[in-house]
Amino acid sequence: MVEVLDVHKFYGSLHALRGITVRVAPGEVIVLVGASGSGKSTLLRCINHLERVDRGRILVDGHLIGHREERGRLVNLPDRIVAGQRTEIGMVFQSFNLFPHMTAAENVMSGPVHVRRAPRAAARRTAAELLERVGLEDKMQAYPSELSGGQQQRVAIARALAMNPKVMLFDEPTSALDPETIKEVLDVIRQLAHTGVTMLIATHEMGFAREISDRIVFMDQGAIVEEAVPGQFFDHPQSARSKAFVDAILAR
Amino acid sequence: MSWSWSAFLRYLPAGFILHGVWTTVWLTAVSMACGITIGLIAAILYVWGHPVARACYAGYTTLIRGTPLLVQLVFVYSGLPAFGIRLGVAESALLALSVNEGAYVAEIIRAAIEAVHRGQMEAAQALGMTYWKAMRVVLLPQAARTAVPPIGNQVNSMLKSTSLVSVISMEELFRATEEAIQSSFRVLELFAVASIYYLALTGAWTLIQRAIERRLARSVTRRRGGPGDYRTMPPAIESVTPT
Chain A
1 MVEVLDVHKF YGSLHALRGI TVRVAPGEVI VLVGASGSGK STLLRCINHL ERVDRGRILV
61 DGHLIGHREE RGRLVNLPDR IVAGQRTEIG MVFQSFNLFP HMTAAENVMS GPVHVRRAPR
121 AAARRTAAEL LERVGLEDKM QAYPSELSGG QQQRVAIARA LAMNPKVMLF DEPTSALDPE
181 TIKEVLDVIR QLAHTGVTML IATHEMGFAR EISDRIVFMD QGAIVEEAVP GQFFDHPQSA
241 RSKAFVDAIL AR
Chain B
253 MSWSWSAFLR YLPAGFILHG VWTTVWLTAV SMACGITIGL IAAILYVWGH PVARACYAGY
313 TTLIRGTPLL VQLVFVYSGL PAFGIRLGVA ESALLALSVN EGAYVAEIIR AAIEAVHRGQ
373 MEAAQALGMT YWKAMRVVLL PQAARTAVPP IGNQVNSMLK STSLVSVISM EELFRATEEA
433 IQSSFRVLEL FAVASIYYLA LTGAWTLIQR AIERRLARSV TRRRGGPGDY RTMPPAIESV
493 TPT
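Protein chains in written order, with this note's numbering: chain A, 1 to 252; chain B, 253 to 495.
Be aware that a few hints might be false.
To be verified - Below, in silico cross-link-like pairs of lysine to any residue (SDA-like), each with a Cα-Cα straight-line distance of 20 angstroms or less: (1) B:385 with A:116; (2) B:385 with A:84; (3) B:385 with A:175; (4) B:385 with A:81; (5) B:385 with A:8; (6) B:385 with A:118.
Hints were generated in silico from the structure; no laboratory data involved.
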């Protein structure tokens, strides 16, 4: 479903991604772990082309993202085409990024109405269903400023789901939340994982990572150090760096 | 000459004064509408980020904001004919005021768009909106809430700046007042009358602006002082006064 092939990304002289290769099967849940600055967010942002890759290629559902290939060279696609590709890829941000001038329902409707040109009534019904699914059926008319962080993040998840994406990307979805609201967001993601949505999740919630992931991808300094099933990764890390990382978590 | 109540009361509802007031009002309204249109387009082109657009923007705002409105007015009315462009008094006044206002409004709107959190554009694009769709649906509505107070301030300023077009002999409130002074020498009474109308116009505008701001704020916040309460947010930029 998602193929990341030898992707490199530079910010000036900083080599943020150093030849990342990951293949994600349909329905698979991948959790990216690693210290801040290890490249997890950058990788997720490259997958929906919020960041341009400098080398390598990313395919979602077989389609090259952000580029087309011409005689072996990559050519940038126009914004309109990239926007169409992004409709297949849902993204949830660390800082929620709800639209503050729209109600929860309007936020969830914004994709279907403004991108898919769905009729408002139908979009509103879908929004109501999705908000019910994330436990916010009573907050349809609330503005983001009237919601807690956990509630905002659940609206953001509903907003991404409204486009019915093939892949969901979660960029540290609970890192900006109060400890008491983290669980409600994790519960929603967990429930989603069981419905067979393909997901890539960057998180520092290790218990959660271990529980829901099919595979852990451990990143350090822009490279993948280890890829393993969660039991293997947490109990028998192979490399010295993943062992140090796991030990540091267990000591916490 | 001592103050004369009878002269004051005679001039207050005089036809030439009311005509001047009306000219000031429509000149302000039309110039402001054109200025906002120019400013909006200029700001969007700047934020879009194409180097040529940015260079044009910088040239436009620097030139207009760096020279007096008075000079711009006289240039349009008396200077452009040298290039074969001959405009009437009203056309010259409208052109100069609109182009001048556009530069100030452009800066206000540019800053307001840039003040919208970067994550808003990313979230909109992640949903599949194109850049221009995201600009229209997500960024501009939020920027509008920031830009309305300083633009309202510009309207207030414009109501008074229109007095400058008297130098190219446009018969607005100030010119009407001055001409009456030259024939009657009732300086105090006539300037008092003009001041009262200017005060009434700016006062009325202040009320209208408050209503607009309340209306915009209502859709975003019911809870006062919340993180999204635009009423308690400081204005993103200081408004600037031409001339």
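Problem set entry | residue 385 of chain B paired with residue 84 of chain A [C-alpha distance capped at 20 angstroms] | 13 angstroms, holds
For this session: For the pair we were handed, residue 385 of chain B and residue 175 of chain A, check the Cα-Cα distance against 20 angstroms.
Result: 29 angstroms, violated
Problem set entry | 20 angstroms Cα cutoff - pair residue 385 of chain B, residue 118 of chain A | It holds: about 15 angstroms lies between the C-alpha atoms, which stays within 20 angstroms.
Exercise. For the pair supplied as a hint, residue 385 of chain B and residue 81 of chain A, is the alpha-carbon distance within the 20 angstroms limit?
Worked result: 13 angstroms, holds
Exercise. Straight-line Cα separation of residue 385 of chain B and residue 116 of chain A no greater than 20 angstroms?
Worked result: 12 angstroms, holds
Problem set entry | Straight-line alpha-carbon gap residue 385 of chain B to residue 8 of chain A, limit 20 angstroms | 30 angstroms, violated
Against the hints set out earlier in the document, violations occur for numbers 3 and 5.
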